[in-house]
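*Asks:* Below, each chain spelled out in residue letters.
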Amino acid sequence: MAQKKMTLEELRKLREDKKHSVEVRDTGSKTVEITVGMGTSGIASGAKETLKTLVAELEKHQLTHVAVRQSGGLGLEHAEPTMEVRMPDMPTVIYGQVSPEIVRRIVSHHIIGHELVDEHIYDRPAADILDAGDHPIVDGE
Amino acid sequence: MPYANFCLVCRGTACESSKADQLYDEIKLQVAANSLSDQVQVLRTGCFGFCEQGPIVKVLPDEAFYVQVSPDDAEELVHEHLLKGRPVERLIYREPGVHALGNIEQISFYQKQFRIVLRNCGFIDPENIEEYIAREGYVGLERCLSELSPDDVIRELEDSGLRGRGGGGFPTWKKWKFTKDVQADQKYIVVNADEGDPGAYMDRSILEGDPHSIIESMVIAGYTTGADTGYVYVRAEYPLAIKRLQTALAQAEEYGLLGDNILGTDFSFRIEIRLGAGAFVCGEETALLLSIQGERGMPVQRPPYPAVKGLWGKPTVINNVETMAAIPAILTKGGKWFAKVGTETSKGTKVFALTGKVRNSGLIEVPMGIKLRDIVYNIGGGIPGDKKFKAVQSGGPSGGMISYENLDTEIDYETLTALGSMMGSGGLIVMDEDDSMVDVARFYLEFTAEESCGKCVPCRVGGKQILHLLEKIASGNGTMEDIKRIEEIGETMKTTSLCGLGKTAPNPALSALRFFRQEFMDAIPPEVREDAV
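As they're listed, the protein sequences go chains Z and U.
Residue numbers for the first sequence follow my numbering, so the first one is 1 and each next one is one higher.
Residue numbers for the second sequence follow my numbering, so the first one is 142 and each next one is one higher.
Just chain U, with the same shape it has in the complex:
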């Protein structure tokens, strides 16, 4: 018996922490109490992205978008809307300044978004493999095992222009090709889910909301490169993501999509989960691989790159969660389809975690090349309290500040790097006129100084010294000399650090100095300030 109505309850971490789990139970109970169980399907889904307004409940096909729903609202919601067909207006999201009750397509938060990676988040039940399969899930794998050769897969990826979404932006097809072309008795596939940037949670949401997309692309990667084993390295602080992934792995195996003789062919692949203990540096690929091996997570010199010599010295493809999540869609719809979206050098979409001083914070997916202004003002709904926009911090502790003058920059890997920031994992923190840039820089340096593994001198000593100088300036004891020294040390760190952590750690301080130098000058006591600098 098919259902007539669908009640989708967000069960991402953000909504769960506002009692979405109780809400879900209560709605189920009320649906049963009103004899609606054969008519209304109540579903647990992944993140809708509009976390600011959680817990979120969406009722279909009416497209009623309920926000901030509490377990106490369940009775009214079920009785009024699902039984009697009268939407509960007080719980429906109203956009500020818009008179009518909005359905989801009219909400500005969603209008400029384009969902490829998050296509299933907030739409399917992540704990039910058949829902994923019904949404063209495992079509990519099916094509691989029936019609595409490994070279065909690499060609599709090349056509797609997909680049690493972990921040570096290395073309994915090249990585896969390197590993494929190496002769070895054993190869590995690793997915980096050690999401560490403060405020970033795109990988968590994908694992929670659509875990099979990661499993599917790992099996595809194994098929393409000749690997038979994969690891997902996920931080232990993500219990829900881990649980959903475990459920998904068990189901995939049960359905013959993982394990021995996948889909009746002679291809076999297995996946294991490895938990990270929360060290930021373990997001760096060489440190991550050592951590999987059970050793202390410290970066090692590259080359050789993991693609050639990785886990236990064997060729290893290592990709970020978001990169992997795009691959099933690319193999289903074709690389050329994916490449239609985006800019000349950066194709497809990017997921950002939009936080800070914006009305609508949450998880968004936008085409590459979108203007920052659109993100902050249209999707984000602008700055609360009529405050003035000051900057966006992108790329987390590795990124930098983007100021008002650059709001119309079309975002891609190259433009962000040119601004002294970087794509990073996709954190976007909006700041208003009340935020002190000296403080923001200090916050990030505190973070990276603490997370430095201590192996190389530039990062271990340099980070600490910049932090010390920033603290000195913030407390009103700085000198002009200190500003110059921050820049000197920063440049040295950038060029001489061993890994990405040290190379990018000074970015928040350097870009703050580049765009908001006056603020640092103002923090220096007038008696020691020289106008010459």
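One chain only, chain Z, in its complex shape:
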């Protein structure tokens, strides 16, 4: 496809359109972290759809300050797909049974509106896992 020569206006528009796809890589500017559980049971329950919807929603709302990470199962196999959300001024929670519809609600209510999506909260990250970094047994050989 031949690219047509741009005008000033078209350059500005192209930049706006492409900005998100590049800025999303810039980890320095992230303040919110969302982890999607991508273990076998998560994937079997639709975690891939959850992830795709999440990434698409973030782009739609131009939320470049959100980092999306993947991990293995979060230990809540009965509630897959699962998603952990960490952000300043909000408690860290794990959401369960996160269908694409729930992803949209988490993005609009939790991330944008600073309001928990109560009926899908299943857990909080266990304290011992959080501190594993300097745990004597994990750390000391």
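Hints listed in this document are in silico derivations from the structure and should not be mistaken for laboratory results.
Just so you know, not all the hints are guaranteed correct.
To be verified - Non-contacting residues of chain U with respect to chain Z, defined by C-beta distances greater than 10 Å in every case (computed):
1. 157
2. 174
3. 229
4. 230
5. 326
6. 454
7. 548
8. 558
9. 633
10. 637
11. 662
Claimed, not checked - Calculated lysine to any residue pairs in the SDA-like style (CA-CA distance at most 25 Å, straight line):
12. Z:30 with Z:56
13. Z:19 with U:257
14. Z:19 with U:284
15. Z:19 with U:288
16. Z:48 with U:228
17. U:605 with U:669
18. Z:52 with U:284
19. Z:52 with U:220
For each residue, glycine too, the CB sits at the ideal point set by N, CA and C.
Once you have looked at the hints, place chain U on chain Z.
*Replies:* Below, chain U without anything else, positioned relative to chain Z:
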């Protein structure tokens, strides 16, 4: 469909020479084989700077920093990390002495760095213009064509305090203003990418990793000074840089950012590439211009300066690659923003190629005014093998030695010159206690004696003579008289040579004598050594 994960593979020359090209192909293949193509974007980027540990692969948003990755590792990396979300620990960079697995922001190599010029290197795909545009690319040009007059551009550059990064340190705004103010039917913009100092590769990395920043600033320079044609003079030994620049030029033209009626305005500008054949002296601006004209590259007397009478006798702005790469950022964020970084006389950042006896060699960008100690010990990670630091050679064959006592000097143009060295293009070679200063001086003089164009006597004869004397001393046949003679000849070369090459060629020998005189004395046989000197 946006991507969830990004796999950035360094495709700078250093990593390519350790099979990064095969690695990239293999990762792409594995991503496809695991049905991840719509989820993971695999990108070729420019240099990350941490060349010591290449090939480098960075996985985002996890910030996993993989080093020394071979094509054979691709399968495991994709299957474990990108499919299952488990980072491959054995390939993640571990800092010596630090227990935890580091992500990139915790690595000392990057902590004291501040990236303006290298802002896009290792972050975008240099062969895709839309990535550059998305990172505020061509905002500077856009502003020029819609709101800034040529005088406004010059004012921004003056506010920024930007000085020539090729080594001389001449204020960029003045150069541009000289050319702008001359009346002429034709003017030119030239970018000097004839990077010749041994060990220096900042210009190469910028052209490879962010070629559009150079194109953008050339068009801006054309707009500011009234030139309609530009040349990039790049050495033929940089095939990858040339290829990326060619790709970028074609894309810029296709998108209407170069050529006739740029962005629908009545401003037009074209750029051509000229290849240098590898003569060091062609990095000198007057020789470079002659070489572009197809003549033998030999310096001519200045003034008149190229800004007034340059290429084919027409006013010509000639700037180094690194200088140009800073300009789009200055015009996007403002000259005052740039001037917040740096020292009183030297603003902004400087890219250095850190090599020699340091743990982390590579390409770094640091604020002006940083202490040499921070570069060697924090970014460089110190000297391997618990050896003692001896000196840093800065500025390549035109520069000099900086000894231990001066490690806390805050680096800028003035302080380096005061130490008998110079900023030069930004090579920093670290030496330890095993390195002989007589040998180092001899190495550089051998280089400059060979690269002298032969036009003026001080450089042609002087360089050869100093080299001869250094060889004599190194072989154990020197006398005290020889040391004195090196200094005499050196001073003469400095004051009487025609161009920068000859004027600075004796620096490595003179500064070695200044800081490590005893070493030269020790090389002289005791029977002819006089303690009086």
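*Asks:* Determine for every hint whether it applies to the structure shown.
*Replies:* Verification of the supplied hints:
1. 157: holds, 22 Å
2. 174: holds, 16 Å
3. 229: Non-interface label stands for residue 229 of chain U: nearest chain Z Cβ at 14 Å, farther than 10 Å.
4. 230: Holds: least Cβ distance 14 Å, greater than 10 Å.
5. 326: holds, 27 Å
6. 454: Non-interface label on residue 454 of chain U holds, nearest chain Z Cβ at 33 Å vs cutoff 10 Å.
7. 548: Holds, because the least Cβ-Cβ distance between residue 548 of chain U and chain Z comes to about 30 Å, which exceeds 10 Å.
8. 558: holds, 35 Å
9. 633: holds, 52 Å
10. 637: holds, 51 Å
11. 662: holds, 52 Å
12. Z:30 with Z:56: Holds, because 17 Å separates the two Cα atoms, which is no more than 25 Å.
13. Z:19 with U:257: holds, 19 Å
14. Z:19 with U:284: Holds - the C-alpha atoms of residue 284 of chain U and residue 19 of chain Z are around 18 Å apart, at most 25 Å.
15. Z:19 with U:288: Holds, at roughly 22 Å.
16. Z:48 with U:228: holds, 19 Å
17. U:605 with U:669: holds, 24 Å
18. Z:52 with U:284: violated, 37 Å
19. Z:52 with U:220: holds, 19 Å
Of the numbered hints stated above, the single one contradicted by the structure is hint 18.
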